[in-house]
Structures are given as structure tokens and as C-alpha cells.
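Full structure from sequences and hints, please.
From first to last, the protein sequence lines stand for chains A and B.
So for the first sequence, the working numbering puts the first residue at 15; every next one is plus one.
So for the second sequence, the working numbering puts the first residue at 2; every next one is plus one.
Honestly, the hints are just simulated from the structure, not real lab data.
Backbone N, C-alpha and C fix where the C-beta goes; we use that ideal spot for every residue, glycine too.
Treat the hints with care, since some could be wrong.
[What the hints assert, rightly or not] Below 30 Å or equal to it, Euclidean Cα-Cα: the simulated DSBU-like pairs (lysine-lysine) are:
#, chain 1, residue 1, chain 2, residue 2
1, B, Lys18, B, Lys240
2, A, Lys145, B, Lys248
3, B, Lys248, A, Lys154
4, B, Lys240, A, Lys68
5, A, Lys123, A, Lys87
6, B, Lys240, A, Lys147
[Unchecked claim] Derived CB-CB ranges, DEER-like:
#, chain 1, residue 1, chain 2, residue 2, range
7, A, Glu197, B, Pro132, 40 to 46 Å
8, B, Thr3, A, Lys196, 37 to 43 Å
9, A, Glu233, B, Met2, 45 to 51 Å
10, A, Asn22, B, Leu197, 37 to 43 Å
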Amino acid sequence: MNAIEVNNLTKQFGDFTAVDHLDFEVENGEIFGFLGPNGAGKTTTARMLTGIIKPDSGQVKIKGIDIQRNPIKAKQIIGVVPELSNAYTDLSAWNNLQFMAQLYGIPKKEAKQRAEELLMMLDLYERKDHKVKTFSKGMKQKLILAMSLMNDPEILFLDEPTSGLDVRSARLIKDMLLELNKEGKTIFLTTHDMEEANQLCNRIAVINHGNIAAIDAPEKLKMRIGGLKWIEISFNMPVDFSDLHAMQGIVEVQKSGDKLRLYTDEPGRIVYQLVDYSRLNDLEIMTLNTMTPTLEDIFIKLTEEI
Amino acid sequence: MTMIVIDQLKRAWAISKKDIRIYYLRGPVIIFGVLSPAFLFLAFMIGRDLPVDFLIAGLLGMTIFFTSTSVTPVIAPTETQTRNLERLAASPVSITTILLGDILASVLFGIGISLVPILLGIALGVTIIHPFILAVAIVLASFCFSAMGLIFSSTPTGMTSTVMMMSMMVKFPMVFISGVFIPVGELPQWGRTLALISPLTYITDLCRYSFQETNYYSVPVNISALIMFMVIFMITAVKLHEKSLPKRL
Ligand SMILES: Nc1ncnc2c1ncn2[C@@H]1O[C@H](COP(=O)(O)OP(=O)(O)OP(=O)(O)O)[C@@H](O)[C@H]1O
Ligand SMILES: [Mg+2]
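What follows is the structure, given as C-alpha cells:
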């Protein structure tokens, strides 16, 4: 049984389709990235997966439990870090955690122990009795993560958990996610940070306009898209684009500042041709670089297409 | 099934404790729940020569009404604005459980504050003829008005002041048609008809019975009416909040 199974999931706001017939599954023990630009439908999807809003059609199963039919049972085994959520700022960190424990029906003794562990791990123990009002943004975000872990969930949903945090706090949260994953927790992570997705995720779904453009492991995504390797070259004199276009194996030529970008699948062979070309036309090569695509390139390409 | 219900009740109590910690001392709760009935009452009482037990009975009815309807409407808009609701919606509790927790916090506030006019009455020499009926009446009325408060807060707004203004527009006129200042029996015919649709009428009447035995309706009628209003308000509140919650996120 998969950790999460999504069938035909759709959400409309008026005439606008925010999430459009999604189908995918998340395997047990995986860190699954949900990557997309602003307004792609990430938060809307995450909210439907966690039973916070109802889909217009389609089905979500959490460990085989239909979240619409049996919301309490399904919510019991997941942890959620919503995109724009807050702890209760008038309560202390400790009371926020205990409140969570009570909402999930965790016995008192266990709740106390878990809260202590989590506060220690996240470096908040010293401030446990202070009101959350007095916390910095990073501290608040760490507390929200701790709150989502009070019920020791099997699956953890996080909607942009590191957005707005400095490098160190983001790092701490990322390390913690890796650690939790090692302990066997499945993680569903929404982000528009490619690097974060690249570092953390076993698989990534790229979503745009409510549709999934691609799902694969980050490295495979990079390989999958042809014509995305390129050579960057500059000569001492302007050259005729059509000469370059004519070369075997060049998909596209783009001007990029004073350099030219030649998209190709076979950069090695093109380099030979370029050297020949410059010799023949008495040109001097000023710079020459070969590049492989980053996740960002894939992302931009995929989100342009649909 | 019973296990689930008991679990949800425990969780509702956790929500009440949270509400008690956060909302009892909020400005709007104090202003609309405690100060406004006190001033309204003083304004009415000054310069009139009315029997103390009549006044205390009216004051008590009004106090339960204002206090119980002042906590519940504050919670939803505040938590919309402070963005706590999504967390709550993601946890394994139903909307009914959340609302029940809010109601419970409000009921305890209503009951607690209603002790003030009772003690004031005792200090002024008023005797409670039917204490048991009075206790039942106070508890029932607190539930009924707390649920009523939830209906005010079902508009998906984050503005507490909007909700409070709206609730005041309904609450003030209700005071005048519910036998608080003028006994129902002395109202004109149209007033008596209006009094029927105000739950405040029945709790005030029960207070009159408990202090003076000058009730207009019979005790069973009053109690049934309060129960009926309570059920209607609760069902309506759950329906309305189920609709509005997604719009608050
Ligand atoms: N309650 C709502 N009412 C109307 N439209 C909505 C609502 N919630 C979301 N939308 C629309 O649905 C689309 C998807 O929104 P969503 O919040 O899921 O995007 P996202 O991928 O999470 O974006 P971001 O990266 O900015 O968080 C957006 O166009 C948004 O305007
Ligand atoms: Mg989002």
C-alpha cells in the first residue's frame, strides 16, 4: 500500500480550475517534492491531501484510508505544516505543543516526553515557557514543525517550510527532514526552491496550472529533456547565426549577452565543428563552455510548455 | 463509535481550555460581554423606583445573554486573522468538535459572570425561591446563547469588530422585547408576539420565577423553548461554519 494515493483530484474556484485531474502516488518512505511556480496549485493540492478543503472530484487515500470518508482516522496519522499558519501567539511554546497532543489524543506522559525531545532537537527548549509572540520567524517555524510532529506521524506534509528563513534555519529544518525520513517517515514537501527539492527529494512532481508536467527523480528529470545541454561560446567578431544553425546536431541558437548559446544533445561533437568553423572563417574563440541543465532549467522549460 | 465520541469530547475540552486561556480577557469580550450589560442596566434603572428582585432577575437574564454571546463570536474571526484555523482544520477533530469546544468555554464564562448579579442580589436581600430551577435555567441559557454567538461569527471575516457590531445590532433590540425591563405581560400585543421569538424572553421569565414567582409562561414551556432554540442554533452554527471555514484559510 502506498503512503498517498491521488486519483483524479480536481478543485475549482468558480470557473477557474486550480487543480486539474491530478493522478499520482507517493511511496512509503520517500521524500516527494511538489514543485511549481506561484499559483500552480501546490497549496490547494496539499490542503486537499490533508483534508483541510474538499475536492470537487477525485479521491485521496492516506495509507489506504479515504480522507473524505474517514477524515479523523486519516488525519490522526499525518502531520501538517501549512503554508501560512501560526502557532497560538498568546500561548507558550510548551502549551502549543500540549494543545496539539490533546487534539491528537496523545497520553499526557508521552506528550510531555515528546515535547521535551522536540524542543531540545530544535533548539527551543530554553524558550519553552515564553509566549510565541516573542519568537522570531525562524523560531516560530521550528515550533510549527515541532507541533506537526507531536503525534509521531507516519506521513508529514510541509508547504514551503523554509520560505522566508535564513540559510541556517532553513538548513536546520532540511537536516531535520532528512533525519525524519531516515527514521522511516514519508514526506510530502511543497516548494518552489529547486535547490531544496534537488537536495531532499527522491522524486519530484513539477506542477503548473494545476497539471503535473513531469514526475521523476531529480537526476532523471534532468536527463529526460533533450536539447537542454548547451555550449556557450563567444568569438572576437560577430558571426552569422545561420552558419551555426546549419551545423549537425544544433537544436537552437540563442544570443546571451555577448555570447551565443547553442543547444544540443551532443556538445562533444559540436565543439569540434566550432573549432573547424572558427579556423575556416579566421575567427578567434574567446570563451567556450559546455553546460548541463540544472533543475531550474528543467523547471522553466516544463512550466513554459503548459 | 462511542469511543470516537468520547475522544472527540475530550478534544473539544482541549479546545475549550485553549479558548479560556486566550479569549476570556480579550477587549471585545470584556466590553461587549461585561461592561455593556452593566451600563445598559444602570441607564435603565437610574431614577426609577422598581422592586430589587424584579431588577436583579432582569439583570441576571441580561447578563447571561450578553456574556454568553460575547465569547464565541470573537474566536472564529480572531483565529482567521491570526491564521490558527488551518492548523486546527488539519487536526483530527470535526467542525462540530471545534464549535463544541468554543461553546463550552463560552458557557463557563456565562455561568461564572452570572454569579455576579446573583451575589449582588443576595447582598441586597433578595432570596432565591427556586435555586434548582435557576441553576438549570442558567446552564441551558448559556448553551443556547453561546451557540447563538457562533451564528454571528459564521461570516468568513477576520474582522472581530464587524462581527461584534453585527451581533450588537441584533442583541440590543432583543433586550427590549424580552421582558428584561418591561415584563412580557405588560407589553403591547405586537411586543408579546415578538417576545415569543426571542430566547432571552424565556430565561428572563425563568429568573422571574426563581426570584419572584411572577413568571408569564410556565416553567416547562420556558425550558422547552430554551432547549429548542439551543438545538436550532447549534445545528445552524455547524452548517454555517462548515461552509465558511474553507473561505477563512
Ligand atoms: N480560496 C480561493 N479562492 C479562489 N481562488 C483560489 C483560492 N485558493 C487558491 N486560489 C487560486 O488557485 C490557484 C492556485 O493557488 P495555490 O495557493 O494552490 O498556489 P500555490 O502553488 O500554492 O502558489 P504559491 O507558490 O504562491 O504558494 C491560484 O491561482 C489562486 O489564486
Ligand atoms: Mg502555496
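Going through the hints against the structure:
no., hint, verdict
1, B/Lys18 to B/Lys240, "holds, 24 Å"
2, A/Lys145 to B/Lys248, "holds, 28 Å"
3, B/Lys248 to A/Lys154, "holds, 24 Å"
4, B/Lys240 to A/Lys68, "holds, 15 Å"
5, A/Lys123 to A/Lys87, "holds, 22 Å"
6, B/Lys240 to A/Lys147, "violated, 33 Å"
7, A/Glu197 to B/Pro132: 40 to 46 Å, "violated, 59 Å"
8, B/Thr3 to A/Lys196: 37 to 43 Å, "holds, 39 Å"
9, A/Glu233 to B/Met2: 45 to 51 Å, "holds, 49 Å"
10, A/Asn22 to B/Leu197: 37 to 43 Å, "violated, 51 Å"
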